[in-house]
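S.K.: Here are the chains, one letter per residue:
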Amino acid sequence: MHEMSLAGGILRVVEDAAAREHFTRVTRLSLEAGALAGVEVRALRFALEAMTPGTVLAGAQIEIDEPAGTAWCMACSRSVAIASRTDACPHCGRWQLTPTGGTELKVRELIVQES
Amino acid sequence: MCVVCGCSNPEGHAHGHGHTHDHTHGHAHDADLDFGANSARVSVPGMSAERAIRLEADVLGANDRVARANRAHFEAHGVVAYNLVSSPGSGKTTLLVATIEALRRAQPDLRLAVIEGDQQTHHDADRIRATGVPAIQVNTGKGCHLDAPMVAAAFERLPLHAHAHGPAHDDHHAHLLERGARSLLFIENVGNLVCPAMWDLGERAKVAILSVTEGEDKPLKYPDMFAAAKLMVLTKSDLLPHVDFDVAHCIAYARRVNPAIEVLLLSAKSGQGMDAWLDWLQGEVGEPAAAVVPASRDETAALKARIAELEARLAQVTSVQGAAT
Chain W
307 MHEMSLAGGI LRVVEDAAAR EHFTRVTRLS LEAGALAGVE VRALRFALEA
357 MTPGTVLAGA QIEIDEPAGT AWCMACSRSV AIASRTDACP HCGRWQLTPT
407 GGTELKVREL IVQES
Chain Z
10 MCVVCGCSNP EGHAHGHGHT HDHTHGHAHD ADLDFGANSA RVSVPGMSAE
60 RAIRLEADVL GANDRVARAN RAHFEAHGVV AYNLVSSPGS GKTTLLVATI
110 EALRRAQPDL RLAVIEGDQQ THHDADRIRA TGVPAIQVNT GKGCHLDAPM
160 VAAAFERLPL HAHAHGPAHD DHHAHLLERG ARSLLFIENV GNLVCPAMWD
210 LGERAKVAIL SVTEGEDKPL KYPDMFAAAK LMVLTKSDLL PHVDFDVAHC
260 IAYARRVNPA IEVLLLSAKS GQGMDAWLDW LQGEVGEPAA AVVPASRDET
310 AALKARIAEL EARLAQVTSV QGAAT
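These protein sequences, in sequence, are chains W and Z. Using my numbering, the letters of the first sequence correspond one by one to residues 307 to 421. Using my numbering, the letters of the second sequence correspond one by one to residues 10 to 334.
These are computed hints drawn from the structure, not numbers from a lab. Treat the hints with care, as some may be off.
What the simulated footprint calls covered on chain W by chain Z, stretch by stretch (three residues with Cβ under 8 Å from a Cβ of chain Z suffice, anywhere in the stretch; the number is not a length) [stated by the list, open to error]:
(1) 311–320
(2) 369–376
(3) 391–400
(4) 414–420
Stretch-level coverage of chain Z by chain W, calculated; a stretch enters the list once three of its residues show a Cβ under 8 Å from a Cβ in chain W [claimed, not checked]:
(5) 120–133
(6) 139–149
(7) 262–274
Note that this is a predicted model, so its numbers are computed, not measured. Glycine included, C-beta positions come from ideal geometry on N, C-alpha and C.
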């Protein structure tokens, strides 16, 4: 189940930041998981909650923003909103789309407590 | 795979890949107390200072850094690497064995190697080694996909890698492209149409392999994988008369999630379509200066028949799409 690997990746990003910025506790972790990022958000949250006890993320509030997917429709030459990669263009109904947004999985921001 | 940080620890010399499990908290060491020492420079009783740290860090950043290093490493060694992804049972290993045998006949100068990924056993690597081609088996244990550090570690152990280096090899010296080096590296990923889509291994391209005994709507069910692939290979074409698989529909579905995807139809068993597959693989490698063999009359006729077949299918697909809108 790769949400566990992703949670591990998030923990690693946070630990690297902790070493650089000298904090020992995170009070809020703000993530972005776009609709087209290929991430099951509930599974990610579950994996994070399983993994954080005893780490710098212990007790942190986990906030996951899920921006909608956007794509460029090559048929009607405009940017459109899509919920998944299998969607057709909501305007012309064709499937000539290139995803442009909502594809990322990243750690946006940390609210940390000074040690 | 390390469950804590999701990496795998490469053996042998490292490419600067740090790996630590240290989760201890910070330690106080000064005798003095300085309430103005935090970043806000004030002390507010009852409220411990907090600050925001904007990171905008890609979660897969660590993997992607290693993937970039792999990509540069492959290029420096004249290696073209393909990441083969599919469901379990699509015929990847059988196709690889047939491909190796065909390449040996057609391009004997081309060096080949395989990195095999499975949860357990080295059965697949054994099948490849039986052809005489070097293969490294990576067992992922509980892991469901290969990642860039695993591929880096496996590549270190292949003759493709060792060949171009002198005895004193270290990470930082410039890699020299061996004169005329042409090699193909096949990375057979763990059978899984979900997770490998997200993990860049440093390959030239992902090739999604789908057999005609599976559902023709697989591209819709697993869109991330088909969106990430450059080529879709439909295998086991010799079984088409026995199944209800509609090739045109499958291609149309794949084009919905990836308008630019290329498609090949072949059978490792009968040999149908294998020539076009070898051409595709070598299209990335580049032809040597000499030894361009003109197509025989039979091959030309077969190619013309295939083109006519694909054009007929394209016409059918276009009319299906036209009717649907």
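S.K.: Each hint needs a verdict: does it hold in this structure or not?
M.R.: Each hint, compared with the structure:
Counting residues of the stretch 311–320 of chain W whose CB falls under 8 Å from any CB of chain Z gives 9; the rule of at least 3 is met. Counting residues of the stretch 369–376 of chain W whose beta carbon lies closer than 8 Å to any beta carbon of chain Z gives 0, which falls short of the minimum of three for the stated coverage. Figure legend: the stretch 391–400 of chain W, annotated as covered by chain Z; annotation consistent (6 residues with Cβ-Cβ distances under 8 Å, at least 3 required). Check result for the stretch 414–420 of chain W against chain Z: holds, 7 residues qualifying (beta carbon to beta carbon below 8 Å, three or more required).
Coverage of the stretch 120–133 of chain Z by chain W is violated [criterion: at least 3 residues with CB-CB distance below 8 Å; count 0]. Residue count for the stretch 139–149 of chain Z with a Cβ under 8 Å from a Cβ of chain W: 0. That is fewer than the three needed, and the coverage hint is violated. For the stretch 262–274 of chain Z, the stated coverage by chain W holds: 4 residues have a C-beta nearer than 8 Å to a C-beta of that chain, and at least 3 were required.
When held up to the earlier numbered hints, the structure conflicts with 2, 5 and 6 and fits the remainder.
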